[in-house]
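Peer 1: Construct the entire structure; sequences and hints are all you get.
There are 2 protein chains.
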Amino acid sequence: MTFNERVRSVITQKNSLLCVGLDVEVNKLPKSAIVHNRQFEFAKRIIEETSPYATAYKVNTAFYEAEGHQGWETLESIFDVLQALPGVISIADCKRGDIGNTARMYAKAFFDKLGADAITANPLMGSDSVEPFLQNPKKGVFFLCLTSNPGSADLLQLSLGQPNLSVYFRLADMVESWNGGENCGLVVGATKPEIMGHIRRIHPDLPFLIPGTGAQGGDLEKSVLNGTDQFGTNALFNSSRAILYASDGEDYAEAAARVARETRDALNAAREKKVKS
Amino acid sequence: MTFNERVRSVITQKNSLLCVGLDVEVNKLPKSAIVHNRQFEFAKRIIEETSPYATAYKVNTAFYEAEGHQGWETLESIFDVLQALPGVISIADCKRGDIGNTARMYAKAFFDKLGADAITANPLMGSDSVEPFLQNPKKGVFFLCLTSNPGSADLLQLSLGQPNLSVYFRLADMVESWNGGENCGLVVGATKPEIMGHIRRIHPDLPFLIPGTGAQGGDLEKSVLNGTDQFGTNALFNSSRAILYASDGEDYAEAAARVARETRDALNAAREKKVKS
Chain A
5 MTFNERVRSV ITQKNSLLCV GLDVEVNKLP KSAIVHNRQF EFAKRIIEET SPYATAYKVN
65 TAFYEAEGHQ GWETLESIFD VLQALPGVIS IADCKRGDIG NTARMYAKAF FDKLGADAIT
125 ANPLMGSDSV EPFLQNPKKG VFFLCLTSNP GSADLLQLSL GQPNLSVYFR LADMVESWNG
185 GENCGLVVGA TKPEIMGHIR RIHPDLPFLI PGTGAQGGDL EKSVLNGTDQ FGTNALFNSS
245 RAILYASDGE DYAEAAARVA RETRDALNAA REKKVKS
Chain B
5 MTFNERVRSV ITQKNSLLCV GLDVEVNKLP KSAIVHNRQF EFAKRIIEET SPYATAYKVN
65 TAFYEAEGHQ GWETLESIFD VLQALPGVIS IADCKRGDIG NTARMYAKAF FDKLGADAIT
125 ANPLMGSDSV EPFLQNPKKG VFFLCLTSNP GSADLLQLSL GQPNLSVYFR LADMVESWNG
185 GENCGLVVGA TKPEIMGHIR RIHPDLPFLI PGTGAQGGDL EKSVLNGTDQ FGTNALFNSS
245 RAILYASDGE DYAEAAARVA RETRDALNAA REKKVKS
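Going line by line, the protein sequences match chains A and B. At position 59 of the first sequence the residue is numbered 63 (the working numbering), and the sequence of numbers has no breaks. At position 220 of the second sequence the residue is numbered 224 (the working numbering), and the sequence of numbers has no breaks.
Hints listed in this document are in silico derivations from the structure and should not be mistaken for laboratory results. Ideal placement from N, C-alpha and C gives every residue a C-beta, glycine not left out. Keep in mind that the hints are not guaranteed to be accurate.
[Unchecked claim] From chain B, some residues computed to sit far from chain A (all C-beta separations above 10 angstroms): (1) Asn-19; (2) Arg-42; (3) Pro-56; (4) Gln-87; (5) Asp-132; (6) Glu-258.
[Stated by the list, open to error] In silico lysine-lysine, DSBU-like type, Cα no more than 30 angstroms apart, as pairs: (7) B:Lys-142 / A:Lys-32; (8) B:Lys-35 / B:Lys-18; (9) A:Lys-112 / B:Lys-48; (10) A:Lys-18 / A:Lys-277; (11) B:Lys-35 / A:Lys-117; (12) B:Lys-112 / A:Lys-117; (13) B:Lys-280 / B:Lys-18; (14) B:Lys-18 / B:Lys-226; (15) B:Lys-277 / A:Lys-48; (16) A:Lys-117 / B:Lys-117; (17) B:Lys-35 / B:Lys-48; (18) B:Lys-117 / A:Lys-112; (19) A:Lys-32 / B:Lys-117; (20) B:Lys-112 / A:Lys-35; (21) B:Lys-142 / B:Lys-48; (22) B:Lys-277 / B:Lys-226; (23) B:Lys-48 / B:Lys-112; (24) A:Lys-32 / A:Lys-117; (25) A:Lys-278 / A:Lys-226; (26) A:Lys-32 / B:Lys-112; (27) B:Lys-278 / A:Lys-112; (28) B:Lys-226 / A:Lys-112; (29) A:Lys-142 / A:Lys-48; (30) A:Lys-48 / A:Lys-112; (31) B:Lys-142 / B:Lys-32; (32) A:Lys-226 / A:Lys-18; (33) A:Lys-48 / A:Lys-32; (34) B:Lys-32 / A:Lys-142; (35) B:Lys-280 / B:Lys-226; (36) B:Lys-32 / A:Lys-117; (37) B:Lys-48 / A:Lys-117; (38) B:Lys-35 / B:Lys-226; (39) B:Lys-117 / A:Lys-35; (40) A:Lys-48 / B:Lys-112.
Peer 2: Listed below in structure tokens is the structure:
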């Protein structure tokens, strides 16, 4: 089964479009927990409690690199937990991209050593820079296409001089051309649902990873309408802060589970509305 | 002293435009060395022997991440060695770039925890994604502008629909606008010296980090002519594989020193030719 087939399959099995973002910030953890590695314990508890509702977990590497080599050990422990869970997709949100011999090292770091099912990558440097990521059809790559932040106006939203050819369209076309192994997807931010819908119509088969519906303010229902395919699937909606920090007390994992369940249900309500209409 | 002032100052003190790239691949190390951490020992010996000739060291993080958390420990040890050396610039070649709260974590990882003087970064996501990197004028950021690989034709070399407005020109303009703290530079590959000269004429004050003169085939003399400023300075020329693997025997560090000295001299000969002409 290729990575892209697996995305659709797990969405169906779990009946969920939810991706839980593990952007675990050490400063935001409950102070009272006296454990060896609070960042890992927190992430592990979140995974345990939210896994009935989540199709995927997106682990933002920056939050662990900020803790140095101990943080990288935490990353390894988190991916061990994710690999032991049947039927979830683990995504290392690392946004890497570099020339071929360096990209080969990043592929080794995230796919082989860490055991991630997928990574996020930055396509700026073009074809030969992403090739080492695409060798194994079981391993997926979500490429930045249109991001949810204001700075996407600086380059990503510029026109390449032809009608309907913005930088983000060009990036999506590049990614489509790399999708021979059916293991490429797009990162499309939730803050511009109309553009998202346009990209989706041109690229019905690419899975979308959609951040930005939570703290960043993107509209969830509009994002589902525009980001899923005609069957209301093939998209993962990431929520990080709203789930992780649903409670700042010791009940954080139970609170996270409640918000994860509600978010899954809200996503499912929106896709039903879309498919019925 | 701002980072950009420091680049010019160290180039003058050392009389060298050489940046040694520490892309230390474990599989390429001499087999006979029986030490606890061969990757670190190799890097340390290279630094010790080449430091008379090098203005900067660029540490490619991918080659260490590929070794997991032990690799990140090696990174920390290497930056400890570099920080203890007076008068060299340490660059973490990590090409990071993400939304603001994530970029803040990367800044912490590389500037605070690792102690790098500078990083490389990917500007694709625009202004707010790079802001956390620019807070301290003593810490520098080299942004990808025009890379040395064939895939730079896929997006970086495309026109944005106006004469003389390619994506790389747009990126360079963005970086210039971020340079209020005098701590921004550009990564400009050596494989397209004419374009490099064009970018240099528009941006005389931005330091250039120039990879690609070694294994990637860029012409060293043409790159110096086009990449340095009118005084033959303000550019760092990176060489990795040609120096690191100058010998595959136990004399690797001495061989690296010889190639580093020769490369420094060749760079200086080229800049003298430029300044005299």
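Peer 1: With reference to the structure, classify each hint as holding or not holding.
Peer 2: Hints and how they fare:
The claim that B:Asn-19 is not at the interface with chain A holds, since no C-beta of that chain comes within 10 angstroms of its own (minimum 29 angstroms). At roughly 16 angstroms, the least C-beta separation between B:Arg-42 and chain A is larger than 10 angstroms, which holds for a residue marked as non-interface. No beta-carbon of chain A is positioned within 10 angstroms of the beta-carbon of B:Pro-56; the least distance is around 27 angstroms. Non-interface call for B:Gln-87 relative to chain A: holds, since the shortest CB-CB distance, roughly 15 angstroms, exceeds 10 angstroms.
Distance check on B:Asp-132: its Cβ comes as close as 4 angstroms (rounded) to a Cβ of chain A, failing to clear the 10 angstroms threshold; non-interface status is violated. Every CB of chain A is more than 10 angstroms from the CB of B:Glu-258 (nearest about 25 angstroms), matching its label as outside the interface. A C-alpha spacing of about 29 angstroms is found between B:Lys-142 and A:Lys-32, which places the hinted pair at or below 30 angstroms, so the restraint holds. Annotation: proposed proximity of B:Lys-35 to B:Lys-18 is violated, straight-line Cα distance about 33 angstroms (limit 30 angstroms).
Between A:Lys-112 and B:Lys-48, the direct Cα distance comes to roughly 24 angstroms. Compliance with the 30 angstroms bound is thereby established for this hinted pair. Using a Cα cut-off of 30 angstroms, the hinted pair A:Lys-18 and A:Lys-277 holds, with the two alpha carbons roughly 19 angstroms apart. About 22 angstroms separates the Cα atoms of B:Lys-35 and A:Lys-117, which keeps this hinted pair within 30 angstroms; it holds. Between B:Lys-112 and A:Lys-117, the direct Cα distance comes to roughly 24 angstroms. Compliance with the 30 angstroms bound is thereby established for this hinted pair.
Distance check on the hinted pair: B:Lys-280 and B:Lys-18 sit about 20 angstroms apart at the alpha-carbon level, within 30 angstroms; holds. At roughly 22 angstroms between alpha-carbon atoms, B:Lys-18 and B:Lys-226 fall within 30 angstroms of each other, so this suggested pair holds. For the proposed pair B:Lys-277 and A:Lys-48, the alpha carbon gap of about 61 angstroms is over 30 angstroms, so the pair is violated. Between A:Lys-117 and B:Lys-117 the CA atoms are separated by roughly 23 angstroms; this keeps the pair inside 30 angstroms, and the hint holds.
Of the pairs offered as hints, the one joining B:Lys-35 and B:Lys-48 holds, with about 17 angstroms between alpha carbons and a cut-off of 30 angstroms not exceeded. Using a Cα cut-off of 30 angstroms, the hinted pair B:Lys-117 and A:Lys-112 holds, with the two alpha carbons roughly 24 angstroms apart. With a C-alpha separation of about 19 angstroms, the suggested pairing of A:Lys-32 with B:Lys-117 holds against the 30 angstroms cut-off. A C-alpha spacing of about 21 angstroms is found between B:Lys-112 and A:Lys-35, which places the hinted pair at or below 30 angstroms, so the restraint holds.
Restraint check for B:Lys-142 and B:Lys-48: satisfied, since their Cα atoms lie roughly 25 angstroms apart, inside the 30 angstroms limit. Annotation: proposed proximity of B:Lys-277 to B:Lys-226 holds, straight-line Cα distance about 11 angstroms (limit 30 angstroms). At most 30 angstroms may separate the alpha-carbon atoms for a hinted pair to count; B:Lys-48 and B:Lys-112 meet this at roughly 24 angstroms. Between A:Lys-32 and A:Lys-117 the alpha-carbon distance is near 28 angstroms, which keeps this suggested pair within the 30 angstroms criterion.
Restraint check: the Cα-Cα separation between A:Lys-278 and A:Lys-226 comes to about 10 angstroms, which is no more than 30 angstroms; the hinted pair holds. A C-alpha spacing of about 16 angstroms is found between A:Lys-32 and B:Lys-112, which places the hinted pair at or below 30 angstroms, so the restraint holds. Annotation: proposed proximity of B:Lys-278 to A:Lys-112 is violated, straight-line Cα distance about 42 angstroms (limit 30 angstroms). Simply put, B:Lys-226 and A:Lys-112 have alpha-carbon atoms about 35 angstroms apart, too far for the 30 angstroms limit, and the pair is violated.
For the hint linking A:Lys-142 to A:Lys-48, the alpha-carbon distance of about 25 angstroms falls within 30 angstroms, and the restraint holds. Among the hinted pairs, A:Lys-48 with A:Lys-112 is consistent with the structure: their alpha-carbon atoms are about 24 angstroms apart, no more than 30 angstroms. A hinted pair counts as satisfied when its Cα atoms are at most 30 angstroms apart, and B:Lys-142 with B:Lys-32 does not qualify at roughly 35 angstroms. About 22 angstroms separates the Cα atoms of A:Lys-226 and A:Lys-18, which keeps this hinted pair within 30 angstroms; it holds.
At roughly 16 angstroms between alpha-carbon atoms, A:Lys-48 and A:Lys-32 fall within 30 angstroms of each other, so this suggested pair holds. For the given pair, B:Lys-32 sits about 29 angstroms from A:Lys-142 by alpha-carbon distance, which is consistent with the 30 angstroms threshold. For the suggested pair B:Lys-280 and B:Lys-226, the alpha carbons sit about 15 angstroms apart, so the restraint of at most 30 angstroms is met. Among the hinted pairs, B:Lys-32 with A:Lys-117 is consistent with the structure: their alpha-carbon atoms are about 19 angstroms apart, no more than 30 angstroms.
For a cut-off of 30 angstroms, the pair hint linking B:Lys-48 to A:Lys-117 stands: about 25 angstroms separates their Cα positions. At roughly 37 angstroms between alpha-carbon atoms, B:Lys-35 and B:Lys-226 are farther apart than 30 angstroms, so this suggested pair is violated. With a C-alpha separation of about 22 angstroms, the suggested pair B:Lys-117 and A:Lys-35 falls inside the 30 angstroms cut-off, and the hint holds. As the CA atoms of A:Lys-48 and B:Lys-112 are separated by approximately 24 angstroms, the hinted pair is consistent with the 30 angstroms bound.
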